[in-house]
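A.B. asks: Residues per chain are reported as follows:
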Amino acid sequence: MTDIAAMGQTTKDTARFSQGSRMVGLVSRAGLTLAILAVILYGSLANPVFFTAGNFVNVLMSMSIVGIVVVGMTFVLVVGGMADLSVPATIACGAILSLALQPYIGPVPAFAVAVLLAGLTGLVNGVLVGYVGINPIIATLGMGTIVLGIVQAAVGGVIVYGTDPSSADFVKSRILGVPMIAVIFIAIAILGNFVLSRTFWGRWTIATGGNYSAAQASAVPVRAVRAGAFVITAFAAGFSGGLLGLTLQSARPLVGQGYEFSAITAVVVGGVSIMGGFGSIPRAMAGLVFVQLLTNVMVLQGVRTPIQGFVLGLLIAGAVALDIALRKRGVA
Amino acid sequence: MASAASALHMRGIGKVFPGVKALSGVDLAVRFGTVHAIVGDNGAGKSTLMKILSGAYAPTPGTIEVAGTEVRMKRPADAQKLGIRMVHQELNLVPDLTVAENIFLGRMPRRLGFFDRGGMVRRAAAILAELGAAIDPQQRLGDLSISQQQLVEIAKAYAAEPRIIVLDEPTSSLSEHETAALFRILRKMRDAGIAIIYISHRLKEVLDIADEVTVLRDGAMIETRPASGITAAEMIRLMVGREVSNVFPKTPSTIGRQVLRVRNAGDGERFHAISFDVRAGEILGLTGLVGAGRTEVARAIFGLAPLTSGTVEIDGAPVTIGSPAAAARAGIAYVPEDRKGDGIMPAMTVRENISLPVLRRLANRFGRVRRGAERELAGTYVRKFSIVPPDGERRIGLLSGGNQQKAVISRWLATDPKVLILDEPTRGVDVGAKAEIHGIIGQLVANGMAVVMISSELPEIMGVCDRVVVMRDGRASVPLAREGLTEERIMALATGEESAEGEAA
Amino acid sequence: MSAFVSTLLRYRVAVILCLTLAAATLIVPGFASLTTLSLGLDRGSTIGLIAIGLTVLLIAGQIDLSVGSVFAVSGIVGIMLQPALGMGWAALAGVLAGTAARVVNGFLVVALRINSLVATLATMLVFRSVAHWMTASQPIPGNDIMFSITLSEIYLEVFTVCSGLFLVSILALHVWLTRTVAGRNLFAVGSNALSAEASGISAGRIMFLSFVFASTLAGVAGVLQSLATNTGSPVYGSELTVAVIAAVVVGGTRLEGGRGSALGTLGGVLTIAALTTAMEFQSVPAYMQQVASGLILILLVVLDRTVRTGRRKPAAAPVHA
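Protein chains in written order, with the working numbering: chain Z, 1 to 332; chain C, 1 to 505; chain U, 1 to 321.
Only chain Z is shown next, with the shape it has when bound in the complex (with noise of 0.2 Å):
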């Protein structure tokens, strides 16, 4: 390109970027602060159960297993890595194994082997998609399959039912009234805030999804950030799995399906773009709040299961559209 044209060309964008930026940055960060209060606003006024301690409650429980996937979740879309689509499997990875193995080798180390094993799931994700450079999409769709399948083969396709109650028994106290699912999720969702926004390798990650080649020139190891992204996800959903295994106390096969999408529909709405480089877990979390609170509302309404994940879909293409539109004007 001639000097000249170069030149044009840079002026444009920096044009782009400082008008609209801060403007949209402001908007869309109220935006959703707002519909949640209007979310919640409705429901109160809707149904007199909504506005109650025993509510809020059964929403925190619902909210943390998925929320612990949506930790992971936001770092595989902020390195661009679009999605995984392996989290059902991991998550009966977990659960399954970690009810299983109870039996065999006590329900700490069960729980442990069983989160090891989704992990390592995420690690051959990752290699997959950072260093071999398959689409993100198809590997993890693949690996899923194939996960799932072990998993069935190794405890001979059947459900598995949990022998230790007082792993249930742990997993189902409270601390101060706050069940103890809710404690661990938010202890998870501050520790992957504290890696993703304040450590080197959270950087790295935001460098990697916002500009793969002047992060890899600023001799970031881009590979293996996006490697990592899949191996925190696995392990996140391993992690829930177990902890919803825990909690139901069996484990069927399929317990894990639906929670890819939960989990991206939150990070999405939440703001957080599906292209990379830009998001955090507060705004993941906030697109958490506001899609849980919107379902709780749609069920004590009686709204049917169907026309909830109807509605779901819609949000997360609608949220994709409109970062899409965004990006287009230059503006993050």
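None of these hints come from the bench; they were simulated from the model.
Everything numeric in this text was worked out from a predicted model, so none of it was measured.
A virtual CB, placed ideally from N, CA and C, is assigned to each residue, including glycine.
Where hints are given, some of them may not hold.
A few chain C residues that face chain U, going by a derived Cβ cut-off under 7 Å, partial list only [what the hints assert, rightly or not]: (1) ASP96; (2) LEU97; (3) LEU105; (4) GLY106; (5) MET108; (6) GLN148; (7) ILE185; (8) MET189; (9) ASP191; (10) ALA192.
Fit chains C and U to the known structure of chain Z by using the hints.
C.D. replies: Chains C and U alone, transformed into the frame defined by chain Z:
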């Protein structure tokens, strides 16, 4: 030939981009049945002019007449309808289709509703034979070499039976034999009445094939003369054309021992047998025309691309650079040419951009990046280099090009490198910032850093560098000393008018 | 790379198919029989019909994850409307539902320029929910159990209506891809959409139409499946996505576009069908079959990737300073 009809007349063509005047007052008149060459340095405005002709841009202001009728073209399809065909430097081909299909892309012949493969292959074979190209029309395009693909691109334009054909550096990947064949066909086309516009840096070729030559410089048309009335040396003079004034003050520095030594480096594709060395306190200029391979060399030294032969030595010891991280460890830093693409992370702040390569160093045991230390680091550079606005928390995308560039340079200085490679450091930067950046570079060398500066701006190279290496088509001259070096000489080496001793021909 | 290996690679679809068939015949007793052939073909034709559509889409450089959901929705529509419209019209409505689904997808990708992966991810969820919604998550029975018997009737000892339809369609696709201008333009768009546009080919329109085509076929497959089992169920098709993509990839169609062939897909579908039939004969449980599909998909994609980087030619290298 003298009374041939006017094929194309571009009058008073100007083109303004926001903040930049790319072209002004360019007049170009081409007649049917002639070959009209356009020459000019990087940035003279050739591509912009051609983009206007091909319909991709609209002239602001200016008029275009084709075959005597004024036309207004809004998009490339309009130009094509008028019989104007371009052969671009960046190939416009589809790798997964066959050669024949590519030649007839978008115009594939039909027979009874089905696609007439046999007929198409025959016609493609005929065209390729005319061009003297030994290419099988049924072969997959992506499997051909670059030079063969270029021939296919030319065949594609030719097959469309154009009235005006524009060729942009068509011989950059062709061998002598293929070039001769191309010229034969160009002459045939000329004799058949087609108007040919030929853009090239290869002045010998221009004199060979052209009937008329136009020289562009800094967006204006300098002169048009019949090819018989101009020599290569005169063309160079017109292309360069200014007083070599010392716009770039040279900061004195002591030149120390050798820091970087590149021996016989090649990547098997874009450059071969490159050797040079850089010493502490020295600025080595690396220049040449677009496509010569300068950035490729830099990227390979920095670990972004593989080196298939040759060695790189730092402080006398050979190093293997497999990645930018390894390069950073070895003390090599590289500021890329494409600021937007490889340089900045637009959504991140200035501070985050600057600290990127040294994050590990700034982090504590748990990996947490120490904000305080980071801010201090960024702040130091923001102050030292007068980055405006002096706010490390500003999104870097909001800064001007010059300030972004200063930030990118700061990023690498934070790694404490021994040798800094700058690729077009003042491109797209306003005059004030240019001076500031040169000031920064001057300070660095005064403190003993070795600097390699890749630049297309001859005054810059002349003013600032201690020695200059000129590259052409993937090969390099020996480092030339500053004394007695003229812009004309550099241009001559860059275009191949002069062959430097030590250069493998 | 030696000539032998490259020939092997070029005909790898046939090679893989033969290997699979050979292994199956050896391992599974009674595999090599006409009944097996017809069963396998019938089984495979469901995947096959969807795969035809997906092949077209992949060649154009796009992907579609929502085929499974579209499959379910069409089947449900086809069954649900039976009492109202009678079987024939209901079936047609089901197919049209499939087409409509893809109009949505096509719009999202072409008009709004959303990445096809993301768009179809979202529509996958939406359509699946629609399926659940329409049936209240219960499978619904159809009216005419007799028709399903007609559908499973075997002609010429080998073909059923489904498999016949599939074979005819795939041959038609082959002809279209290799012999029509539109077919070649499809490859152009998938290979390098910018260059295609620069040469006057309307990339957007081609992409849109491919989406519509793929979806219509998924709809047809869905309707046929529902008619055959006389049920419309919201969970149908969820396992199909991986199998279909695997079949198409085995058949040599690239995920990045520009390469592919109908015959290749035929080979891929046959391979997967042979594999699943063999496993069924051995009473291998369903989830293991899933593992197999997944494994094949991953292995092939990795193989494809490494082979490509191995012999990558510098096509149209960007000109740097």
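A.B. asks: All the hints need checking, so say for each whether the structure fits it.
C.D. replies: Verification of the supplied hints:
no., hint, in the structure
1, ASP96, "holds (4 Å)"
2, LEU97, "holds (6 Å)"
3, LEU105, "holds (4 Å)"
4, GLY106, "holds (4 Å)"
5, MET108, "holds (5 Å)"
6, GLN148, "violated (11 Å)"
7, ILE185, "violated (21 Å)"
8, MET189, "violated (20 Å)"
9, ASP191, "violated (27 Å)"
10, ALA192, "violated (23 Å)"
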